[in-house]
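A.B. asks: Just need the whole structure built from these sequences, with the hints factored in.
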Amino acid sequence: MNAIVTPIKSEILVVIGNGMVGHHCVEQLIERGALARYQVHVYGEERQRAYDRVHLSEYFTGKDAGALALGEPGLHARHGVHLHLGVPVLEIDRERREVVTAEGRQPYDRLVLATGSYPFVPPIPGAEGRSRLVYRTLDDLDGIREAAACARRGVVVGGGLLGLEAANALKSLGLEAHVVEFAPRLMPVQLDADGGDALRARIEALGVGVHLARATQEIVVGEEYAYRMRFNDGEFLETDLIVFSAGIRPQDALGRAAGLEIAPRGGVAIDNDCRTSDPAIFAIGECASWNGSVFGLVAPGYAMARNLAALLAGQPHEPFTGADLSTKLKLLGVDVGSIGDAHAATPGARSYRFIDEASASYRRLVVSADGKRVLGAVLVGDNSYYDTLLQYAQNGIEPPRDPSSLILPRSEGAPALGADALPASATLCSCHNVSKGAVCGAVDEGCTDLGELKARTKAATGCGGCAALLKQVFEHELGARGVAVDTSLCEHFAHTRQALYAMVRVEGIRSFEELLARHGRGHTGCDICKPAVGSILASCWNQSITDPLLVPLQDTNDTFMANMQKNGTYSIVPRIAGGEITPDKLIVLGQVAKKYDLYTKITGGQRIDLFGAQLHELPDIWGELIEAGFETGHAYGKSLRTVKSCVGSTWCRYGVQDSVAMALHLENRYKGLRSPHKIKFAVSGCTRECAEAQSKDVGVIATDKGWNLYVCGNGGMRPRHAELLATDLDDEALVRAIDRFLMFYVRTADKLQRTSVWREGLEGGLDYLKAVILDDSLGLGAELEAQMQQVIDRYECEWANALKDPEKLKRFRTFVNDQRGDPDIHFVRERGQRRPATASELHLIPVTEEVN
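Throughout the sequence shown, residue numbering follows full-length UniProt numbering, covering 1 to 852 in sequence.
In short, the hints are calculated from the structure, not lab data.
Treat each hint with caution, since some may be false.
Quick list of in silico lysine-lysine cross-link-like pairs, PhoX-like style, CA-CA up to 25 Å [stated by the list, open to error]:
#	residue 1	residue 2
1	K585	K595
2	K751	K530
3	K594	K566
4	K566	K595
5	K585	K601
6	K471	K751
7	K705	K804
8	K810	K566
9	K751	K770
10	K595	K770
11	K770	K808
12	K705	K530
13	K530	K328
14	K566	K530
15	K678	K770
16	K804	K585
17	K751	K678
18	K328	K770
19	K751	K454
20	K804	K595
21	K471	K458
22	K595	K530
23	K458	K328
24	K471	K454
25	K808	K530
26	K810	K530
27	K458	K566
28	K678	K601
29	K595	K454
Across the chosen pairs, the derived CB separations fall in these ranges [as the list claims (entries may be wrong)]:
#	residue 1	residue 2	range
30	K705	I602	17 to 23 Å
31	A499	L809	35 to 41 Å
32	K705	R521	50 to 56 Å
33	L762	G396	26 to 32 Å
34	A36	I355	35 to 41 Å
35	H616	G74	42 to 48 Å
36	I602	A36	53 to 59 Å
37	T600	A36	31 to 37 Å
38	T600	G71	36 to 42 Å
39	P107	P264	30 to 36 Å
We put the beta carbon where it would ideally sit given N, CA and C, even for glycine.
C.D. replies: Have a look at this one:
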């Protein structure tokens, strides 16, 4: 028998820093098989494992630290990497080749510095204590959240990328937000003067105060707020908290103390192999300075990490020779893009500009003196042009004879650059350096699924900005190889959901069987097409889903008009329109919950969930609730769920409109509307935004002139800020715009597609949506409004309908011939309420125990 020989790891590799770049370097070392050669130790100053700083602001929208974490749990242990969290490195002893930590000394053969950067706080008198907050780590965000708990107004010092992210965080915490910027424009590094003006107009329209060309001289005690910021021009601004986001500085203290060469403007100096002045020490990411430049984006750091990992693994590698600093961002819901030479610094460069002051949209295209090369671009308000312009700039593609056509509105200008025009070397994903050639290679190897492509290449798994272009190229390459890109709903319908909706509407089709006979194949349908068609029929005709013809189309939740929980019980969610409820109705909910021993919880949409009802109990519970004046809340359906509201001008001293009355009106108008996916609304009575309208599918925020309307937000797995569709609408104009928007979405979205994803796929972006909804560019306005009115006129509470029909009630039995509940459902009590028994608890429950 041959003995198994374990290779001896001859060298010790220490990585200082467990941020995004340090983590990516370790992932690359694992992927390249370098761990057979090295014993790896990673030291991280923070207690958490590496997390995604690019999406750090999502921490304030409900995403927890675990959801932001990079890599799978246990990744390091599984591959034998020693991870030291919460252990800062205190010193590098180059002579003995050791790092000194709180745990002791750790020898190294090779050392990687990935210590990142730290926030710069200007030396302003008074900038200390609780007023001195920064926006960099999860701990920083926890500190901001704590300070905001007793604050009314917050100020961010710094109008760059992170500063605007921080301002958005303050708004999400319910504060009045202001931004103070030393430069004469916002995002001065990425934007020119006109772009800065457009961004300022959009951000001020969102209720964020913008103060430009202001230098804070000192911070003193305020009169109306906790602090007063005195500016160099004699003006002042008072606030309860201050977040400093005035730029970053390389975290090069360890290298500096160890005697490594430091670049004149900071950062550990490195060569093209990321090697420092000490041959055994490397530096990557924001702590490193290549050719005198520090790169503050994740993509260049990832490029350094990849190149270094290849070098350490003894594999061929490309030298690091700088990086493209093009960026595509969404700040407070506003699209911002900067590509290449955005400021036209190249000698002889010429610029084309498109300015729309009405919508605060701006686009600038920079081309070479001969007009044959795109050098850069600036975008504010619509990033749908970004991918095309980036490919022109990165790949030297000659622009059209009239380059301005690349930035004109789509109806006037040139179409987007096709996937076939991109060379194989074109970079699609800059975060993970995925080229079009790599995508083609994956397709040649048999990859026909977009999810598999992302897993294989990691494209679109970084910042996600390349997702649309990746999908376009992938589908084009499949088609070029004769692989049909199937848009069929399923095997029974060779049509998209949009096409089926049109057929149902135009031909007046009222049943699944009729649609299948006319436009499908087969005799029964499946779990994909049945619910989709059921939703279409409900959206068009608003027939009750309890009708015998429609019941077979529903999934479990719609069939029993309740959400099934993991132990086989159901939840009950009565509608509480706008979150407003009388004491009598509150008492009824408490009595019902007590009578049926239901677990109760208040939802994020200002309703009350009652959990733990068994199937046979549902009609009795709903009978009592409907008698008390409640109706179904459609929590089980792909339909309008809630319209969240603050207390508005009735009670709040900041409210400028009656947000509760508007929320009640909107919820009662659209209740029962069936759609491709669930829909959530919110109405805020002022720009303090306590109802969180900018994270909803439809968000309404009061102004002193009327209402601002936001659309296509989403607080789910892919959080997305809503976009400003219209401003200062009166009540009638607001409702008309929402009618059109909702019905246009219902008509054109794909199955199970949220408004946020639908919006991202709209060619022409927000400008197109504005034209359709506000300007009626397609001539559909009256038709969309009439369709919505038909849905409204036919509304009926589905539970009230079912309770009137004995035949429909027969479905609500666990056993056909027995009224008893399910004997396999068990509960335990915790914090005074019932909850489902866990698997480990079930063996403690006697087999003979009867179900409650």
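A.B. asks: If a hint holds in the structure, say so; if it does not, say that too.
C.D. replies: Hint check results:
Proposed proximity of K585 and K595 is supported: the alpha carbons are some 15 Å apart, at most 25 Å. With a C-alpha separation of about 11 Å, the suggested pair K751 and K530 falls inside the 25 Å cut-off, and the hint holds. For the hint pairing K594 with K566, the CA-to-CA distance comes to about 22 Å; that is within 25 Å, so the pair holds. This hinted pair checks out: K566 and K595 have alpha carbons roughly 22 Å apart, not beyond 25 Å.
Our distance criterion of 25 Å between C-alpha atoms is met by K585 and K601, whose separation comes to about 16 Å. Restraint check: the Cα-Cα separation between K471 and K751 comes to about 18 Å, which is no more than 25 Å; the hinted pair holds. A threshold of 25 Å between alpha carbons decides the hint, and for K705 with K804 the separation of about 46 Å lies outside it, so the pair is violated. Taking the CA atoms of K810 and K566, the gap is near 23 Å; set against the 25 Å cutoff, the hint holds.
Our distance criterion of 25 Å between C-alpha atoms is met by K751 and K770, whose separation comes to about 23 Å. With a CA separation close to 51 Å, the supplied pair K595 and K770 exceeds the 25 Å bound. With a C-alpha separation of about 44 Å, the suggested pairing of K770 with K808 is violated against the 25 Å cut-off. Restraint check: the Cα-Cα separation between K705 and K530 comes to about 46 Å, which exceeds 25 Å; the hinted pair is violated.
Restraint check for K530 and K328: not satisfied, since their Cα atoms lie roughly 39 Å apart, outside the 25 Å limit. Pair hint K566 plus K530 holds up; C-alpha atoms about 24 Å apart against a cutoff of 25 Å. With a C-alpha separation of about 22 Å, the suggested pair K678 and K770 falls inside the 25 Å cut-off, and the hint holds. At roughly 22 Å between alpha-carbon atoms, K804 and K585 fall within 25 Å of each other, so this suggested pair holds.
For the given pair, K751 sits about 11 Å from K678 by alpha-carbon distance, which is consistent with the 25 Å threshold. At most 25 Å may separate the alpha-carbon atoms for a hinted pair to count; K328 and K770 meet this at roughly 22 Å. Of the pairs offered as hints, the one joining K751 and K454 holds, with about 22 Å between alpha carbons and a cut-off of 25 Å not exceeded. Among the hinted pairs, K804 with K595 is consistent with the structure: their alpha-carbon atoms are about 23 Å apart, no more than 25 Å.
For the proposed pair K471 and K458, the alpha carbon gap of about 13 Å is at most 25 Å, so the pair holds. Proposed proximity of K595 and K530 is contradicted: the alpha carbons are some 37 Å apart, above 25 Å. The hinted pair formed by K458 and K328 meets the criterion: a straight-line CA distance of about 18 Å does not exceed 25 Å. A distance of roughly 10 Å separates the Cα atoms of K471 and K454; the hinted pair therefore holds under the 25 Å criterion.
For a cut-off of 25 Å, the pair hint linking K808 to K530 stands: about 20 Å separates their Cα positions. Only pairs whose Cα atoms come within 25 Å are accepted, and K810 paired with K530 is accepted, the gap being roughly 22 Å. A distance of roughly 33 Å separates the Cα atoms of K458 and K566; the hinted pair therefore is violated under the 25 Å criterion. For the hint pairing K678 with K601, the CA-to-CA distance comes to about 20 Å; that is within 25 Å, so the pair holds.
The straight-line distance between the Cα atoms of K595 and K454 is roughly 51 Å, outside the 25 Å bound, and the hint therefore fails. Hint check: K705 to I602, Cβ distance near 34 Å, so the stated range 17 to 23 Å is violated. For the hinted restraint 35 to 41 Å between A499 and L809, the CB-CB distance of approximately 37 Å keeps it satisfied. For K705 paired with R521, a C-beta distance near 55 Å keeps the hint of 50 to 56 Å intact.
L762 and G396 have their C-beta atoms about 30 Å apart, which keeps the hinted 26 to 32 Å range intact. A hinted range of 35 to 41 Å for the beta carbons of A36 and I355 is inconsistent with their spacing of about 58 Å. At about 44 Å, the CB distance of H616 to G74 agrees with the hint of 42 to 48 Å. A hinted range of 53 to 59 Å for the beta carbons of I602 and A36 is consistent with their spacing of about 54 Å.
Range check, T600 to A36: about 56 Å between beta-carbon atoms, so the 31 to 37 Å window is missed. Between T600 and G71, the C-beta spacing of about 38 Å keeps the proposed range 36 to 42 Å intact. A beta carbon spacing of about 32 Å between P107 and P264 agrees with the range 30 to 36 Å that was offered as a hint.
The structure shown violates the earlier hints numbered 7, 10, 11, 12, 13, 22, 27, 29, 30, 34, 37.
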